[in-house]
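Which chain is which? The protein sequence lines are E and G, in order. Just so you know, we're using numbering that gives the first Met the number 0 here: the first sequence kicks off at 0 and counts up by one. Just so you know, we're using numbering that gives the first Met the number 0 here: the second sequence kicks off at 0 and counts up by one.
Hints listed in this document are in silico derivations from the structure and should not be mistaken for laboratory results. The structure presented is a predicted model; accordingly, all values stated were derived computationally and were not measured. Please note that a few of the clues may not be correct.
Stated by the list, open to error - Taking CB as the label site, the calculated pair distances span:
no., chain 1, residue 1, chain 2, residue 2, range
1, E, Thr292, G, Asn193, 33 to 41 Å
2, G, Phe211, E, Asn195, 51 to 59 Å
3, G, Ile133, E, Glu269, 33 to 41 Å
Stated by the list, open to error - Simulated pairs of lysine to aspartate or glutamate, DMTMM-like, Cα-Cα distance not exceeding 20 Å:
no., chain 1, residue 1, chain 2, residue 2
4, E, Lys14, G, Glu134
5, G, Lys138, E, Asp270
6, E, Lys14, G, Glu131
Unchecked claim - One side of the interface only, derived from the structure: several residues of chain G facing chain E at Cβ under 8 Å:
no., residue
7, Arg104
8, Arg105
9, Arg115
10, Phe128
11, Arg137
12, Met139
13, Glu224
Backbone N, C-alpha and C define an ideal beta-carbon position, used for all residues, glycine too.
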Amino acid sequence: MNFSTLLRHLREGTKNVFRNGWMSVASMLSIVVSLTLLGVALLLVLNLDRAADAADKQIEISVFLNLNIDQSERDVIEQTIRSMPEVQDLTFVSKAEGLETMRKTLGDAMVKGYEESGTNPLPDMYKVRVIEATTVPFVADKITNLNNTYTDKPIYEVDYGKGTAEKLFQWTQTVRVVGLVLVLALGVMAMFLIANTIKVTIIARRREIAIMKLVGATNRFIRWPFFVEGVLVGVTGAAITLAILLYGYFRVELAAADWSQALFTLLPLEDIWVWFSVLILGLGFLIGAWGSTISIRKFLKV
Amino acid sequence: MQAARSKAGMRGTRRCLAANSNSGSDTVIEMQDVWKTYPNGTHALKGVSVQIDRSEFVYVVGPSGAGKSTFMKLMYREEVPTKGQISVNGFNLGKLKQRNIPLLRRNIGVIFQDYRLLPKLTAYENVAFAMEVIEAPRKMMRKRVLEVLDLVGLKNKANREPQHLSGGEQQRVAIARAIVNNPSVIVADEPTGNLDPETSWGIMQLLDEINFRGTTIVMATHNKEIVNTMRKRVLAIENGQVVRDQLRGEYGYEF
């Protein structure tokens with residue numbers, strides 16, 4: 000194929016989009032509808048996943064130490080927990096800090112008595128964060144078992160909200176599975192919708208293809224403008240979808256922040272728009288290319 | 000018996016014709032014992048043998064359903080014979096590979112009763128399409144397309160789409176498309192079938208002129224008046240067989 004033929008295919012493909020007027024619009028709309036559904040599902044799932052992730056991250060293990068523990072023992076315990084491979088970090092909360100926190104949450108009156116008498120009933124504690132939230136129960140057990148290694152049983156209690164944590168894990172897992180199934184189902188639906196539209200468009204052009212073959216056009220020659228046309232329709236449809244989704248997401252993001260007074264935020268748009276755009280436009284390209292290729296294949300055998 | 004006799008007679012006359020016209024006696028289309036049975040069991044052709052030389056003008060006549068259309072389709076490889084040999088322009092159609100079919104068709108201009116123009120393209124674009132297919136240089140293309148549109152008398156309607164042209168005009172565009180690449184053969188399947196008598200004569204004059212310039216024309220027709228007035232070789236097909244082959248023949252049917 001020489002250069003001027005390539006130009007010819009590009010030109011014809013572009014012209015065909017306009018020549019087929021309403022058919023092009025119909026195909027484009029079906030791509031917009033499908034990709035919008037898919038995009039909304041994807042954004043929803045990503046945000047649910049993020050929320051689930053954030054919820055998981057909230058879980059930390061509180062390790063309360065016995066009151067009679069001294070500094071050197073504390074250092075050993077801290078070292079041992081820190082060196083566990085599942086542990087991300089741990090923070091030490093001293094008795095005094097514990098009391099301070101208590102004052103903040105429960106009010107001065109509750110703490111006053113202790114402060115006046117100079118006694119602090121709270122133990123020293125560690126807050127332990129793990130890398131993978133699902134390992135929390137396992138790590139908690141491991142820490143509890145430290146009492147078996149040290150004869151004076153330095154650990155008073157290990158707490159991670161047993162039961163609540165397990166429920167949360169179950170919930171987030173369900174959200175992820177449901178989201179994945181939703182995205183896959185919508186993807187398949189989009190494919191059928193688009194394949195159907197293309198079939199209708201192509202049947203109308205079956206005659207054209209037969210005529211081109213009679214004049215001596217090779218299959219490749221016939222295919223190229225269809226390919227260009229399909230890709231143009233697909234990418235244009237994707238661009239429209241993208242405009243709708245990004246603008247819509249932008250508004251929703253604002254509204255969510257406003258409504259929850261910034262306590263709850265969506266995945267920030269500036270973090271996702273690049274790869275999301277590439278994904279949607281890429282899907283549009285693939286749908287257009289795939290659609291034009293498979294749908295004319297049948298009619299080329301004349 | 001009859002077929003064999005007329006074939007012998009035809010051979011003699013044709014040698015004569017070849018000598019007269021001095022155009023060489025090379026065969027452009029040859030069929031040898033061609034049979035065509037469709038998957039539904041219809042025997043469209045039953046042992047057809049025909050030879051058509053360069054610059055000949057041949058009418059193919061016969062009742063509907065006799066096998067005329069199959070005969071025409073075999074020449075540009077729209078159908079494949081069940082049995083027998085066909086060669087067109089030196090291509091052995093029995094051995095022609097799928098991917099080489101376009102090469103065969105670029106040397107055959109095909110014209111139909113229903114014109115078969117590309118609906119959304121202008122007259123100019125329809126004709127140019129046949130040249131784009133062979134990847135002709137654009138400059139040359141423009142000149143040649145306008146030249147053939149002029150030849151068929153439609154230069155001033157080059158930018159009209161088929162739906163804005165009359166039947167006769169559409170057929171002229173189809174003819175322009177058929178000849179734009181200077182094919183050696185034109186296969187016309189009832190080219191005047193949808194046209195009124197006056198328009199039909201215009202088309203016939205055009206075809207005659209193209210034939211005069213050296214292009215072989217094979218034309219299936221039901222038009223008695225044309226066959227009997229513009230006398231050419233006549234092939235009559237009945238019941239899947241060639242029953243008559245006459246130079247300067249008559250239509251020979253009453254309908």
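Okay, the hints, checked on the actual structure:
1. The supplied range of 33 to 41 Å is met by E:Thr292 and G:Asn193, whose beta-carbon atoms lie about 36 Å from each other.
2. One distance hint, 51 to 59 Å for the beta-carbon pair G:Phe211 and E:Asn195, holds here, with the actual separation near 53 Å.
3. Judged by the Cβ atoms, the range 33 to 41 Å given for G:Ile133 and E:Glu269 is violated: they are separated by roughly 53 Å.
4. With a C-alpha separation of about 19 Å, the suggested pair E:Lys14 and G:Glu134 falls inside the 20 Å cut-off, and the hint holds.
5. For the suggested pair G:Lys138 and E:Asp270, the alpha carbons sit about 52 Å apart, so the restraint of at most 20 Å is broken.
6. For the suggested pair E:Lys14 and G:Glu131, the alpha carbons sit about 15 Å apart, so the restraint of at most 20 Å is met.
7. Using the Cβ-Cβ criterion of 8 Å, the hint placing G:Arg104 at the interface with chain E is satisfied: the shortest such distance is roughly 4 Å.
8. Hint on G:Arg105 holds. Least Cβ distance to chain E is approximately 4 Å, under the 8 Å limit.
9. Hint status for G:Arg115 relative to chain E: holds, with the closest Cβ pair at about 5 Å, below 8 Å.
10. Look at G:Phe128: its Cβ gets to within about 6 Å of chain E, closer than 8 Å, so that hint holds up.
11. Restraint check, G:Arg137 versus chain E: the minimum CB separation of about 6 Å is within 8 Å; hint holds.
12. Because the smallest distance between the Cβ of G:Met139 and any Cβ of chain E comes to about 11 Å, over 8 Å, the interface hint for this residue is violated.
13. Given the 8 Å rule on beta carbons, the hint for G:Glu224 is violated: about 28 Å separates it from the nearest Cβ of chain E.
Checked against the numbered hints above, the structure breaks hints 3, 5, 12 and 13 and satisfies the rest.
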